[in-house]
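Q: From first to last, the protein sequence lines stand for chains A and B. Numbering of the first sequence is given in the numbering used here, commencing with residue 1 and proceeding in unit increments. Numbering of the second sequence is given in the numbering used here, commencing with residue 1 and proceeding in unit increments.
Treat each hint with caution, since some may be false.
If chains are identical, the list can't say which one is meant, so a pair holds when it fits in one copy or spans any two.
As the list claims (entries may be wrong) - Computed list of lysine-lysine pairs in PhoX-like fashion (alpha-carbon distance at most 20 Å, straight line):
1) Lys256 x Lys94
2) Lys193 x Lys301
3) Lys250 x Lys7
4) Lys256 x Lys301
5) Lys7 x Lys187
6) Lys34 x Lys301
7) Lys301 x Lys58
8) Lys250 x Lys301
9) Lys301 x Lys7
10) Lys127 x Lys58
11) Lys184 x Lys7
12) Lys250 x Lys70
13) Lys187 x Lys34
14) Lys256 x Lys299
15) Lys127 x Lys7
16) Lys58 x Lys245
Hints were generated in silico from the structure; no laboratory data involved.
Next come the chains, spelled out residue by residue.
Protein chains: 2
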Amino acid sequence: MYREQIKVLDCTIRDGGLINNHYFTDEFVRAIYKALSESGIDYMEMGYRCSRELFPPKDFGAWKYCDDDKIREITDGIESNVKLSIMVDAHRVKEQIFAPMDESPIDLIRVASYVKDMDKAIELVNKTHDLGYETTVNIMALSKENEPEIIEALDQLAKSPVDVVYVVDSFGAMYCEPIEYMTKLFKERLPGKEIGVHCHNNQQLAFGNTIEGIIHGANYLDGSLFGIGRGPGNCCLELLIGFLKNPKFKLGPILKAIQDHMLPMREEIEWGYLIPYLITGILNEHPRSAIAIRQTEDKDKYAEFYQNMIDVMD
Amino acid sequence: MYREQIKVLDCTIRDGGLINNHYFTDEFVRAIYKALSESGIDYMEMGYRCSRELFPPKDFGAWKYCDDDKIREITDGIESNVKLSIMVDAHRVKEQIFAPMDESPIDLIRVASYVKDMDKAIELVNKTHDLGYETTVNIMALSKENEPEIIEALDQLAKSPVDVVYVVDSFGAMYCEPIEYMTKLFKERLPGKEIGVHCHNNQQLAFGNTIEGIIHGANYLDGSLFGIGRGPGNCCLELLIGFLKNPKFKLGPILKAIQDHMLPMREEIEWGYLIPYLITGILNEHPRSAIAIRQTEDKDKYAEFYQNMIDVMD
């Protein structure tokens, strides 16, 4: 698949940070930045710009806040065309500060939002767009939303200055047909905007669904190295780059980063295809109960967990 | 997805046998048979009916040969509606003997064949069909074949008594669009026959591609417990049963079998998403070089393996 407009965003540090409270070492982040630069990835997402009042620094690593100066420590001295991105949660905003874009190492600000928080998301988009940043809104948990509310949100976004709106399958519950449906709906309601896809791998569909998004016109694609991310993780960047035929992308540096950095990381923290996440995905539920059971001795009691989940939902 | 005609075939013991030379214990095979019976799976594939002359019994377990009496030892005393299947390779036939179907525990004989061996496959189909068996031909390595040869094979099969013809993505190289294309081509050239899909998981697409097959009319679907199979393995049966909505299928017994039997098995033998298999998949190559490197100390030198594969192919 070669389409010049396609942009690939790596969310290794941002989504991966959700499983280690954003405590990546500078060496690790630097190595990933270098690998992504060599492989021609368009954007690297460094983490969140969270409020220190809502999330105290004693509990989180630097990538929960992504201060401009901290980012500069990483990128300093590495030749790169990779643009940098950070994420902000629309429903968790309090005194976050953004420098004007031309004084910041950051290029893109992505606002993660539930449908119900769209007004807050658009306020953030307006503010950061005015500061000169590229912006996206990533609409989470679409598999749980009703179509009239989704359409209302899209119609609001159509009138905003946002550049890209993402279809997000937060619960890894969507099959190819819902992805097709949403991508087409987004394209129809958002003339002139780009569409993105961000998929989770509960059912081993993150890559397949990303392809589905591409086929129906999504140009912004999220992936992470070896699929790292909360719970089952994301679309594997190595799968995506193996599929895309744009010669600007190189697979070799990505494979090297996986063997040198992601395999050791996988020994320390857990993500990927695990049956409890499959179960929450099938049931279209937040992975929190699966994350919880993976911390207990019952982590591999799949049949019992499934029955409990069904009983709770009944 | 609910479509009454859909049949699910579990190939845990057959495809899984390719990674342990078919040495499953009777207890294991019996437990799987019981679980599949409880979960309403349509067919269980026990292994191969190989010639002992070509494959000497000192090197292989019982499921390389699947003698009728051996199968009866497993199924004896277990209440079940599961039909039983065995596989025969069209290009490795020598004095294999089949009892008439009504004297055998086997219901279905599946002939695995490359396009070039289609005459041998059809000879086997004729012979086993005449003995009363249901029959399939599974056309391997389709991603390596030219369309005129595929069409010629399909036109021959259309005139044969075969019941089902499978699209097989042997190398895990096919994306959703080739699966769609092949499924439609098979349907068009094989009027009155059922179409099957058998996918490999090199690129985490086995389940997504199976859904793609279903959408375009395939009714025979292969899966295995926890995806067990050679190299990256197959479409996970648990994913497939989570997706299909026919109330005859039950997910609980499958999850129980995974926790009780497949997790311990995964400690002993390796399968699943591993980067060397991703590499052979992307390159549309047989997994043998990836299987070989996984036996060495260099098993995780992905970038080097990738470069070597490209150099060899150049």
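Q: Does each hint hold? Answer for all of them.
A: Structure-based check of all given hints:
| no. | hint | result |
| --- | --- | --- |
| 1 | Lys256 x Lys94 | neither (39 Å within a copy, 46 Å between copies) |
| 2 | Lys193 x Lys301 | neither (45 Å within a copy, 41 Å between copies) |
| 3 | Lys250 x Lys7 | within (14 Å within a copy, 41 Å between copies) |
| 4 | Lys256 x Lys301 | between (35 Å within a copy, 8 Å between copies) |
| 5 | Lys7 x Lys187 | within (17 Å within a copy, 36 Å between copies) |
| 6 | Lys34 x Lys301 | between (40 Å within a copy, 19 Å between copies) |
| 7 | Lys301 x Lys58 | neither (34 Å within a copy, 38 Å between copies) |
| 8 | Lys250 x Lys301 | between (41 Å within a copy, 17 Å between copies) |
| 9 | Lys301 x Lys7 | neither (40 Å within a copy, 28 Å between copies) |
| 10 | Lys127 x Lys58 | neither (29 Å within a copy, 74 Å between copies) |
| 11 | Lys184 x Lys7 | within (18 Å within a copy, 32 Å between copies) |
| 12 | Lys250 x Lys70 | neither (27 Å within a copy, 51 Å between copies) |
| 13 | Lys187 x Lys34 | neither (34 Å within a copy, 48 Å between copies) |
| 14 | Lys256 x Lys299 | between (31 Å within a copy, 13 Å between copies) |
| 15 | Lys127 x Lys7 | neither (24 Å within a copy, 55 Å between copies) |
| 16 | Lys58 x Lys245 | neither (44 Å within a copy, 47 Å between copies) |
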